[in-house]
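We have chain A; now place chain B with the ligands onto it with these hints.
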Amino acid sequence: MQERLDYRKAHSVEEALTLFQDLPRSRYMAGGTDLLPRARGSGQAPSRLVDIKGIPELSRIEELPSGDLRIGAAVSVAAVAAHPTVRQRFSALSLCASALGSYPLRNRATVVGNICNASPCADTAAALLCLDATVLCVGPAGPRRIPIHEFFVGPGQTSLASGELALAVEIPAASAGGRAELGRLSRRQGVDIATVAVLLSVLPQRSPRHRVALLSVAPTPRRASEAETLLDQRGPSAANAAAEAAMAAARPIDDVRGTAAYRREMVGVLLTRAVRALGAA
Amino acid sequence: MAIPIRVKVNGQVEALEVAPDESLLSMLRERLDLTGAKEGCNEGECGACVVLLDGKAVNACLVLAAEADGHEVTTIEGLGRPGALHPLQKAFLAHQAVQCGFCTPGMIMTALSLLLENPAPTEEEVRTAISGNLCRCTGYRQILDAVQAAAQEMRAGAQGRRP
Ligand SMILES: Cc1cc2nc3c(=O)[nH]c(=O)nc-3n(C[C@H](O)[C@H](O)[C@H](O)COP(=O)(O)OP(=O)(O)OC[C@H]3O[C@@H](n4cnc5c(N)ncnc54)[C@H](O)[C@@H]3O)c2cc1C
Ligand code: FES
Ligand code: FES
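These protein sequences, in sequence, are chains A and B.
Quick note: the first sequence uses my numbering, first residue 1, plus one each step.
Quick note: the second sequence uses my numbering, first residue 1001, plus one each step.
There could be a bad hint or two in this list.
Quick list of the computed label-pair ranges, beta carbon to beta carbon [to be verified]:
| id | chain 1 | residue 1 | chain 2 | residue 2 | range |
| --- | --- | --- | --- | --- | --- |
| 1 | B | 1137 | A | 240 | 44 to 54 Å |
| 2 | A | 189 | B | 1159 | 27 to 37 Å |
| 3 | B | 1155 | A | 143 | 43 to 53 Å |
| 4 | B | 1041 | A | 156 | 19 to 29 Å |
| 5 | B | 1043 | A | 18 | 27 to 37 Å |
| 6 | B | 1080 | A | 189 | 25 to 35 Å |
| 7 | B | 1041 | A | 82 | 51 to 61 Å |
| 8 | B | 1119 | A | 262 | 57 to 67 Å |
| 9 | B | 1093 | A | 163 | 51 to 61 Å |
| 10 | A | 67 | B | 1011 | 39 to 49 Å |
Keep in mind that the hints were calculated from the coordinates and are not lab data.
Beta carbons are placed, not taken as given, at the ideal position from N, Cα and C, and that holds for glycine.
So here's chain A without its partners, still in its complex pose (with noise of 0.2 Å):
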């Protein structure tokens, strides 16, 4: 890492707003999961980082009223995955949060610091896009709330202005119940990040009701709404055309992991096995 990096731990919100501003080139820091390995990788460190975990606000996973269940900032991969809330009423996030990394990086990783990081392998985000999650930010021009439709921009991209600092993501009410279901390959089982996944949900007050979810075939997590469309209208039966849909849908490149062509023939299978795992459950 950089010798002059400088490293801030905020207590409010307020706070971690304001050592965000005092410096040039600051980034917020979550679980740093992502952020140190990359910071000593490339020597381009941020020159301040923000540790936004002693913000106790950002550390809890509350359900409100409405039903809806709002994960904080600071809250870990782990006790999101753990959490019972989660597990019975919208498992698609327990499955995709189980997925990532290892044991010790799920203590320390978070479920938003790993959409703010905005990798198209991001697990988390299969889950967030098929749940129609929230996310909830707030900055310099005050706080708003960005549709997780609207939140990936492209690789490392996601629509937070510089300076805004993601306080929560939310799951509406109406995406509890239903089943999902992850086909995820990677090189090494635990810890490597997927060559390809796909998520698939049947979310059953929704429309539509099945939910597709592509991962490390495009630019950004992204979701197959064709696919979908097949499958609310003709059931299992539609596998293979959904299948050709999602595959259409993929703009894979080649990289270490795997070819473009592999990619996207993988998607096709893991979408097909998706539909007959939950079809015949």
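Just chain B with the ligands now, with coordinates in the frame of chain A:
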């Protein structure tokens, strides 16, 4: 630019001045001479550096020393002494789950974190928990057996069946 911190390490409060870019792993090894936790990769991939932070396994290479301020760290050195080994340490010896030993401190701290959360894990749960810890020697079978044996002994101990 030194940052003053107070951190409890293996039960003892340490007051230190750390650099802003210093990892918890290098603080433990270089300042406190606790060389049990190893640096394998320095990027979260191998698990050799795992310690407990407030009772939970973390990769010490991915935590800044400054972040440990006000928290509690347990390393392998805090577990047992010669003649009074922790059940996990005893079981690793008894099951020959140690060969070169490089992965062992991280393996044991990861297993301890799991057993604190889940005193009776299935083999699948142990496999999942240690999947971020690489061992290039044992082939893992002995490690899985050792963790189950230790879990059993710790449960018996918790029920007061042991002296
Ligand atoms: C060995 C290893 C394996 C991994 N495996 C996986 C994997 O399988 N799947 C996966 O998806 N990821 C994986 N990751 C990546 C990483 O662990 C996750 O993305 C994690 O969820 C990031 O969370 P964090 O809290 O550590 O983020 P941080 O590193 O703290 O932050 C990540 C980014 O988000 C920004 N940020 C964080 N919080 C906020 C906020 N509240 N407001 C605004 N910006 C914010 C930071 O400035 C930074 O740019 C892995 C990383 C490692 C080192
Ligand atoms: S040294 Fe920390 S995981 Fe390898
Ligand atoms: S005993 Fe050698 S790496 Fe595990």
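Results for each hint:
1. Roughly 46 Å separates the CB atoms of residue 1137 of chain B and residue 240 of chain A, a value that falls within the hinted 44 to 54 Å.
2. For residue 189 of chain A paired with residue 1159 of chain B, a C-beta distance near 34 Å keeps the hint of 27 to 37 Å intact.
3. The supplied range of 43 to 53 Å is met by residue 1155 of chain B and residue 143 of chain A, whose beta-carbon atoms lie about 49 Å from each other.
4. Separated by about 22 Å at the C-beta atoms, residue 1041 of chain B and residue 156 of chain A satisfy the suggested range of 19 to 29 Å.
5. For residue 1043 of chain B and residue 18 of chain A, the hinted distance range of 27 to 37 Å is satisfied, since their beta carbons lie about 32 Å from each other.
6. Taking the beta carbon of each, residue 1080 of chain B and residue 189 of chain A are about 31 Å apart, inside 25 to 35 Å as hinted.
7. Between residue 1041 of chain B and residue 82 of chain A, the C-beta spacing of about 27 Å breaks the proposed range 51 to 61 Å.
8. Separation of residue 1119 of chain B from residue 262 of chain A is about 42 Å and departs from the stated range, judged on CB atoms against 57 to 67 Å.
9. Our hint of 51 to 61 Å for residue 1093 of chain B and residue 163 of chain A holds, since their Cβ atoms are close to 54 Å apart.
10. At roughly 44 Å, the beta carbons of residue 67 of chain A and residue 1011 of chain B sit within the given window of 39 to 49 Å.
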